[in-house]
Amino acid sequence: MRKQKECIAMLLAGGQGSRLGALTKNIAKPAVSFCGKYRIIDFSLSNCINSGIDTVGVLTQYRPFQLNTYVGNGSAWDFNDIDGGLYILPPYMTEREGRWYAGTADAIYRNLEFIELYNPQYVLILSGDHLYRMDYSKMLDSHKKKNADVTISVMPVDWDEASRFGIITTDENKDIVKFTEKPKEPDSNLASMGVYIFNTSVLKKALIEDAEDETSSHDFGKNIIPKLLSEGKRLNAFEFKGYWRDIGTIDSYYNTSMELLSLNPPFNLMDDHFPIMSNSNIFPVQFIGEEAKVDDCMTNNGCKIFGEVSHSIVGIESVIEKDAVVKDSILLPGCRIGKGATVIHAIIGEEAVVPEGTTFGSEDEIAVLGNDITLEEGN
Amino acid sequence: MNRLAGIITANYSTDDMGILTEERGIASMPFGGRYRLIDFALSNMVNSEVDVVGLIMPYKYRSLIDHTGAGSEFTLDRKRGGLNILPGTAFGISNRGSRFTLRDIRNNNIFFERATEDYFVLTASHFIFNMDFNDMLDYHIKSGADITMAYTDEIDICHQANSIQIENGVVKKINKGSWPGQSTFIDTFIISRDLLMKIIECNEAVDYMDFFDLLGQEIDRYNVRAYEFNGYVRSIASINDYYKVNMDLLKEDVYDSLFIDERPIRTKVQDCVPSRFLPGSSIVHSLVSSGCNVEGTVDGSVIFRGCTIEKGATVKNSIIMQSCVIKSGAYIEHAIIDRNNVVGSNMTIKGTKDNLFIMEKSGKKR
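If you read the sequences in order, they're chains A and B. Everything in the first sequence is counted per my numbering, starting at 245 for the first residue and increasing by one. Everything in the second sequence is counted per my numbering, starting at 7 for the first residue and increasing by one.
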């Protein structure tokens, strides 16, 4: 018999993130590179281990290869624990059928066996595509104190953005009285962050019933939460105070990155007591050439700079050759900006190439060169 | 089935490193912005598919153990083989000068007996190079050598190293010190396990000797062959070596010959944040590691992890080790600033190329 865990995490990492366009063409959204060395999933995984949660199931589906190789056995985040660990949970076949995960709830439902293996009292449900630093143990304390069946982490968002989120109305005890997924006309600006703590028994029952409901789209926000509310279960809101971003679109990806590059960044990547860990290979130190100009940049190991770069993020192992000019841009790992090339206001994908003498991007809108793409003349 | 097992002797020490090795062995000297010297020997082992590695420890081994741990960064935390921490025998005396003491091998007999590999590659930890030992082993087997010694003709002067006289690929003489025009032994050799065990057994009475002092006396008894290594290789056995080799990394061809994609130099990962070059900073011709904050001027220098160079501070032709703060208005030239130091504002530290200023490691982490 395994040691019972108080709380394990199930991390939903199967989404495509289609609004990130070229950046998720060949990799899942949680595996998208961020700030030159991280991948988006680093934030959720680091939050887990820093919160004392040492058992995580990672649910994958869309383009899982790079995500799987990146996450590995989780040792980069110290998940190589003697009685916990990190497990990749892909869709699988049974003796009767084989099919993809039909929704977030279905993905967890089909891994109930995994949850039962650890037999935790609580299950933390997360998505792997948000940027934030959060101590889930505080949320769990609140969950226990409020004697809730489910606790949902919430934060206020701008009113004009509210219709993008699951919107929550609470009473004076922070008990949730109304939950509407992506309302057209929101009557509250308290948004669900997609972070849930369930009592395991409540989760199991809801998922089994949902699986039998043929009209359900098997989604936590659309089906499970409204269903539990209607059953009179106690759903409590835990207000998160801090920096949180859904980096789901090119604009938000670019703007969030640039926020972190600002002089007083709203989110500090460095925190010795709550570090953001990652699983990058080991690269030598940054090489800054004799004629290089580096101004207002964030740079990473293994990069080589011979040209001019300003107000930009330079990813691991990316190269800016002589006489190249890079401005207001994000260079993802391993990309190459050729001799005399110009890159303005752009995101250059991993291993992408901007050849010698070419120009990419303009002040007007954010240009994106996808991973592994070599810019062609006149493109 | 692997053919090669490895031994790294990390217990070489010399007075010529001065205060830099007061609290650490040469093997764990920080190098190149993020490495320690031992990383090169260990990476050469694993990049050559050697997965049984014995590490003979120096007298002051705390920082070395801290760095290697169980060897997981080098993929040496293995069920079979892996990293074996072996005691060095010269405890109490500091074993100056010697690299391959017979007693170090004899006292770790069990390690050699357990290994199933037919050959051993032995290497010291204070040489900087990136080499595939398999090529050397192929040469060793093909040439029918008893012992194959790797050498270079590229090192000008190194009085701490041995030089060898070569005739038709055969080593005729081993001399102390290496001078211009001589071939320098780079403290890396291959020998079969059986022969190594035999030599150790036969010389039990003189086991205080260095393997090559002994070999030099009876060089004609064995077929000792020389294997030329053509890549960049340097010994770090003095403060001047240390400075020069760090500065060599600023040459792109040297950097590229040491840091090769297919044979990466591995090291302990610290999950440092990206470095930040703030508006107004000026940095040219330098190596900078992660986690640095640069607002001042840096030229011709190597900056290790987590350093802060404040606005108006200048660092020229210097090595700044991990977690140092160079305060606003400070001026540093031709200096080696060891870890955790704070150089106060408006302080001027000026060495010269031949007389470097050394600031010893500060005890406290900030």
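If you are wondering where the hints come from, they were derived from the structure by calculation, not from laboratory data. Warning: the hint list may mix true and false statements.
What the hints assert, rightly or not - Lysine-lysine pairs mimicking DSSO-like chemistry, simulated, CA-CA at most 30 Å apart:
#1 K359/B to K537/A
#2 K178/B to K583/A
#3 K269/A to K389/A
#4 K250/B to K537/A
Note that the coordinates shown come from a computational prediction; the quantities given were computed from them, not determined experimentally.
**Report entry** K178/B paired with K583/A [C-alpha distance capped at 30 Å]
**Finding:** 51 Å, violated
Query raised in the report: Are the Cα atoms of K269/A and K389/A separated by 30 Å or less?
Result: 44 Å, violated
Report task. Verify the proposed pairing of K359/B with K537/A, using a straight-line Cα cut of 30 Å. Result -> Roughly 26 Å between the alpha carbons, so the hint for K359/B and K537/A holds.
Query raised in the report: Quick one, are K250/B and K537/A close enough, alpha carbons at most 30 Å?
Result: 25 Å, holds
Checked against the numbered hints above, the structure violates hints 2, 3; every other hint is satisfied.
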